[in-house]
Amino acid sequence: MHRIMKNVPFLGVAVLFTSLWACGPAPANQPVGLVSPEGTNRLEIYLDAQGRPGYRVFHKEAVVIDSSGLGFEFRDQPALMGGMELVSQSGSAGDETWEMPWGEQRQVRNHFNETELTLKEKAALGRELKIRFRAYDDGVAFRYEFLPQEGVDSVIITAEHTEFQLTGDHTAFWIPGDWDIYEHLYQTTRVSGIDALSRRNHPDLAATYIPENAVNTPVTLRADNGLHLSFHEADLTDYAEMTLRVDPEKLSFTSALVGSDRTGYKVRRALPFRTPWRTIQIGDRAGDLLASRLIENLNEPNTLGDISWFTPMKYVGIWWEMHLGVSTWDMEATQDMNTFSALDKKQMNKKHGATTANAKRYIDFAAANGIKGLLVEGWNTGWDHWIGFEDREGVFDFVTPYADYDLDEVVRYGRENGVEVIMHHETSAAPRTYEQQLDSAYGLMKSLGIHSVKTGYVGKIIPKGEYHHGQWMVNHYRKVLETAAGYEVAVNAHEPIKATGLRRTYPNAIAREGLRGQEFNAWATDGGNPPEHIPIVAFTRMLAGPIDFTPGVFDIALPSKPNNQINTTLAQQLALYVVIYSPIQMACDLPENYEGQPALQFIREVGVDWEQSVVLDGEVGDYVAIAREERGTGNWFVGAVTDENARELEIDFGFLPAGQTFKATLYKDGAGAHYRENPKALAIESAQVTSDSKMKVPLAPGGGLAISLMRE
1 MHRIMKNVPF LGVAVLFTSL WACGPAPANQ PVGLVSPEGT NRLEIYLDAQ GRPGYRVFHK
61 EAVVIDSSGL GFEFRDQPAL MGGMELVSQS GSAGDETWEM PWGEQRQVRN HFNETELTLK
121 EKAALGRELK IRFRAYDDGV AFRYEFLPQE GVDSVIITAE HTEFQLTGDH TAFWIPGDWD
181 IYEHLYQTTR VSGIDALSRR NHPDLAATYI PENAVNTPVT LRADNGLHLS FHEADLTDYA
241 EMTLRVDPEK LSFTSALVGS DRTGYKVRRA LPFRTPWRTI QIGDRAGDLL ASRLIENLNE
301 PNTLGDISWF TPMKYVGIWW EMHLGVSTWD MEATQDMNTF SALDKKQMNK KHGATTANAK
361 RYIDFAAANG IKGLLVEGWN TGWDHWIGFE DREGVFDFVT PYADYDLDEV VRYGRENGVE
421 VIMHHETSAA PRTYEQQLDS AYGLMKSLGI HSVKTGYVGK IIPKGEYHHG QWMVNHYRKV
481 LETAAGYEVA VNAHEPIKAT GLRRTYPNAI AREGLRGQEF NAWATDGGNP PEHIPIVAFT
541 RMLAGPIDFT PGVFDIALPS KPNNQINTTL AQQLALYVVI YSPIQMACDL PENYEGQPAL
601 QFIREVGVDW EQSVVLDGEV GDYVAIAREE RGTGNWFVGA VTDENARELE IDFGFLPAGQ
661 TFKATLYKDG AGAHYRENPK ALAIESAQVT SDSKMKVPLA PGGGLAISLM RE
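Start counting the sequence shown at 1; every next residue gets the next number (the working numbering).
A couple of the hints might just be wrong.
What the hints assert, rightly or not - Once the Cα atoms are required to be at most 25 Å apart in a straight line, the calculated PhoX-like pairs of lysine-lysine come out as:
#1 Lys663 - Lys696
#2 Lys372 - Lys360
#3 Lys250 - Lys60
#4 Lys694 - Lys663
#5 Lys446 - Lys479
#6 Lys561 - Lys350
#7 Lys561 - Lys351
#8 Lys360 - Lys446
#9 Lys120 - Lys130
#10 Lys696 - Lys680
#11 Lys464 - Lys479
#12 Lys360 - Lys350
#13 Lys561 - Lys680
#14 Lys446 - Lys372
#15 Lys460 - Lys479
Said to hold, decoys possible - Label pairs and their calculated CB-CB ranges:
#16 Glu99 - Glu595: 39 to 47 Å
#17 Asp306 - Asp692: 38 to 46 Å
#18 Arg604 - Thr118: 55 to 63 Å
#19 Met710 - Glu677: 30 to 38 Å
#20 Met695 - Gln50: 53 to 61 Å
#21 Ala93 - Lys694: 37 to 45 Å
#22 Asp692 - Glu96: 29 to 37 Å
#23 Ile156 - Asp408: 47 to 55 Å
#24 Ile156 - Lys250: 27 to 35 Å
#25 Glu249 - Ser88: 34 to 42 Å
#26 Asp238 - Gly126: 23 to 31 Å
Hints are computed from structural coordinates only; laboratory data are not their basis. No experiment lies behind these values; they were computed from the predicted model shown. Even for Gly, the Cβ is constructed at its ideal location relative to N, Cα and C.
Produce the complete structure using the sequences and hints provided.
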């Protein structure tokens with residue numbers, strides 16, 4: 001790793017250009033200019049006539065974010081929305097290369113120019129505020145730093161007013177600014193057509209709260225000239241999540257922090273403190289957003305050191321069978337009508353899924369196919385009273401198995417067969433109960449040699465008045481992550497706070513859900529995820545971090561669910577292992593559904609940890625194609641998916657090393673393939689390819705392409 005930090009002068013207006021004021025009123029004071037290392041992106045920061053700080057963003061001479069103000073409102077203090085003066089300004093540059101212990105690529109360059117402005121309030125309080133701006137060639141970012149105040153030990157923020165003034169009515173790919181859940185289908189509208197309030201009522205969501213017309217981040221925009229912007233935040237620490245309030249007339253976003261009905265404020269922090277980074281990723285094409293590592297670069301380096309105790313892996317699980325109605329989470333469902341699983345009377349007479357015998361069956365399948373992990377849900381007591389009930393405190397016991405599940409024996413049998421058990425902790429959105437058991441639960445895991453856990457937070461948060469995305473829960477998720485690290489446990493969080501790049505600092509944050517996942521296809525009342533879902537997710541949610549999407553459904557028609565079906569072809573299910581990034585990838589279907597299926601070979605072979613990744617092509621909501629090189633082997637894998645439209649995709653193998661020949665195995669949509677009418681049609685072909693090769697491949701409606709490229 002190398003790192004260079006140096007002070008460099010910034011010359012204010014001298015670095016700016018003649019068309020500075022073409023898109024809006026001129027700031028009152030001379031702006032400070034900041035340019036990215038290659039000059040691709042430029043920032044100008046200013047104080048307006050009222051002494052309010054603001055900024056503009058330019059990309060290749062064009063304004064992409066016009067004059068946008070910054071400020072805060074507080075409880076028991078006047079707002080900081082003006083009346084400020086510049087006290088000092090300093091500049092620096094950073095250039096380092098750091099290594100991901102696991103990830104989409106091994107080496108990441110963090111190259112930026114930075115300026116720090118210290119502002120002081122002219123009024124009697126004389127409060128000081130620093131704003132730190134960074135310019136990268138793939139975007140820009142800034143954060144606030146609150147300085148000590150005489151006689152004041154903490155502040156309560158009731159509103160943050162960070163503005164993002166757009167320059168046009170761009171096409172937006174968005175989900176509503178829900179304070180509780182991200183499991184909404186993405187909408188595609190113009191910014192002027194965003195109506196988050198229309199998404200308030202959804203029968204398939206256990207918890208949802210959308211108080212205003214706002215969107216969650218990452219939110220991605222495409223301008224009519226093809227420019228792409230994505231708005232998000234980085235290093236969300238001891239602060240409320242930022243949603244973006246939409247002004248459809250002014251075509252602007254303004255930060256809208258998630259609040260707490262219990263406390264009546266958004267953030268309470270002791271002085272001094274820093275806010276999360278506010279980020280704008282910028283790309284000339286959609287694929288540029290996927291290639292960006294801006295979010296991770298804005299986080300602090302790895303604080304855990306060596307985490308070789310966690311190994312990226314593929315896994316199977318006792319999970320999908322519950323969503324299919326084949327078995328239940330709770331053992332009581334076969335005996336007692338007063339259970340969650342038995343609320344649907346059709347669940348009666350179903351068997352408990354998490355039994356010792358069933359776990360061993362999955363282990364046998366995993367071991368036979370080179371799959372290294374087994375997730376078991378429904379193993380512990382409490383599932384008879386976990387959702388649909390107001391009183392959920394103390395429901396789950398995270399160390400006591402059901403009587404028909406011998407945890408020690410399953411772990412022993414798995415280890416004997418080279419399969420590691422993945423623990424499951426469903427908290428039923430009662431985080432205080434979970435925190436009381438963290439040490440005992442993770443201590444049990446460490447004693448058994450279990451190094452990863454899937455956590456869940458289904459339902460409305462207890463205590464009432466708190467939300468999944470507020471400051472109180474942000475701190476809970478962090479406490480879980482830090483406690484887990486002390487026991488050498490990696491966390492895959494479901495119903496989580498969104499990813500903001502903290503996997504760099506805490507690389508035991510291996511994956512999270514945070515989107516509408518595969519399970520919606522099995523039971524959602526709206527027909528499941530549409531074919532455009534993944535081509536949108538790849539350019540929105542995946543910009544935040546790894547996704548536990550649980551691909552690999554082979555029995556696509558879902559015979560036990562007559563009103564549901566997976567809206568993909570079989571080839572697309574394979575392609576998801578490459579397109580959707582995670583260091584843990586599930587083969588989610590039942591073992592019997594993989595029997596005799598030649599397509600299973602791709603799941604056996606595909607990597608989960610990458611030396612490098614190359615975005616081949618794509619458009620948000622239409623299609624995406626990605627190639628990734630596996631760490632340690634030099635093998636490559638390609639995945640491509642499309643929406644409901646058939647298309648022909650040209651694969652240029654120029655990403656391969658020159659002078660080497662690879663055996664390509666293509667898993668293509670077969671003749672007549674269609675995500676609804678003929679989803680299982682699959683063709684498997686072999687070829688030899690080099691870096692000079694090109695290949696045209698048709699994708700069926702809702703289809704995909706998966707290629708394994710093995711060195712010869």
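Hints, one by one, checked against the model:
no. : hint                        : verdict
1   : Lys663 - Lys696             : 17 Å, holds
2   : Lys372 - Lys360             : 13 Å, holds
3   : Lys250 - Lys60              : 24 Å, holds
4   : Lys694 - Lys663             : 14 Å, holds
5   : Lys446 - Lys479             : 18 Å, holds
6   : Lys561 - Lys350             : 15 Å, holds
7   : Lys561 - Lys351             : 17 Å, holds
8   : Lys360 - Lys446             : 21 Å, holds
9   : Lys120 - Lys130             : 9 Å, holds
10  : Lys696 - Lys680             : 21 Å, holds
11  : Lys464 - Lys479             : 20 Å, holds
12  : Lys360 - Lys350             : 19 Å, holds
13  : Lys561 - Lys680             : 17 Å, holds
14  : Lys446 - Lys372             : 18 Å, holds
15  : Lys460 - Lys479             : 20 Å, holds
16  : Glu99 - Glu595: 39 to 47 Å  : 40 Å, holds
17  : Asp306 - Asp692: 38 to 46 Å : 41 Å, holds
18  : Arg604 - Thr118: 55 to 63 Å : 57 Å, holds
19  : Met710 - Glu677: 30 to 38 Å : 33 Å, holds
20  : Met695 - Gln50: 53 to 61 Å  : 60 Å, holds
21  : Ala93 - Lys694: 37 to 45 Å  : 40 Å, holds
22  : Asp692 - Glu96: 29 to 37 Å  : 35 Å, holds
23  : Ile156 - Asp408: 47 to 55 Å : 49 Å, holds
24  : Ile156 - Lys250: 27 to 35 Å : 28 Å, holds
25  : Glu249 - Ser88: 34 to 42 Å  : 38 Å, holds
26  : Asp238 - Gly126: 23 to 31 Å : 26 Å, holds
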